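Model the full assembly from the supplied sequences, consistent with the hints where possible.
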Amino acid sequence: EFDGIFAFAFYDSERKTLIIARDRAGVKPLYYGISNEGLIFSSQYNHVINHSSIKSNDINEGAIGSYLQFGYMVEGNDAIIQNTSFLPHGNYLMSDGISNKIIPYWKFPNYRKPKTNISLSEVINLSTDSQLVSDVPIGTFMSGGNDSTLITKIANTYNNGIKSFNIGLGDIKYDESGLSSSYAKIFKTD
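Oh and the sequence shown: position 143 is 206 in the numbering used here, straight run, nothing missing.
Hints were generated in silico from the structure; no laboratory data involved. Mixed in with the good hints there might be a few duds.
Claimed, not checked - Listed below are the simulated BS3-like cross-link pairs for lysine-lysine, each with C-alpha atoms no more than 27 Å apart in a straight line:
hint, residue 1, residue 2
1, Lys226, Lys216
2, Lys251, Lys226
3, Lys248, Lys216
If you're wondering where the values come from, they're calculated on a predicted model, not measured in any experiment.
Below is the structure:
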């Protein structure tokens with residue numbers, strides 16, 4: 064029933080079972096480690112790997128190779144330190160203190176012809192608007208590409224004066240800060 068970005072933990076005291084879950088698309092990270100002290104989890108990896116029962120673990124060489132190959136991610140759900148992992152998106156992990164089981168609760172559906180007359184534009188607008196609910200200021204990361212630029216434009220129509228951010232790189236080949244700055248001026252974002 065949840066729709067949005069989330070990672071949460073729920074402890075069922077009657078069944079003595081812990082459930083940790085991650086959103087369908089995997090926007091919110093959720094890391095965990097398994098040690099002789101039990102299951103350690105957090106939305107920040109450094110909290111897991113700095114736990115006293117994990118911090119002396121060796122580096123996962125397979126994960127390092129994967130990271131170096133792709134340049135930004137680790138293939139699968141392994142993480143850089145042994146006995147630590149990412150919880151896959153659309154899954155929850157159930158732990159009774161003895162065993163840990165990862166259970167998928169959602170997967171991307173196969174493409175089917177839509178059963179509605181709603182347009183792609185309406186879907187993107189509704190989806191963007193629904194993500195603008197927050198108790199803290201909202202901003203967008205605008206790389207200069209089509210998707211982030213479109214989302215920033217739409218978000219700004221629902222929440223005028225939204226803040227947009229980008230990262231400038233020293234290598235002009237990869238730097239998109241000029242383009243995103245131009246769009247920020249057009250959209251009048253902060």
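Verification of the hints:
Of the supplied pair hints, the one linking Lys226 and Lys216 holds, its CA atoms being roughly 11 Å apart against a limit of 27 Å. Between the alpha carbons of Lys251 and Lys226 the distance comes to roughly 9 Å, so the proposed pair stays at or under 27 Å and holds. Of the pairs offered as hints, the one joining Lys248 and Lys216 holds, with about 11 Å between alpha carbons and a cut-off of 27 Å not exceeded.
Of the numbered hints listed earlier, not one is contradicted by the structure.
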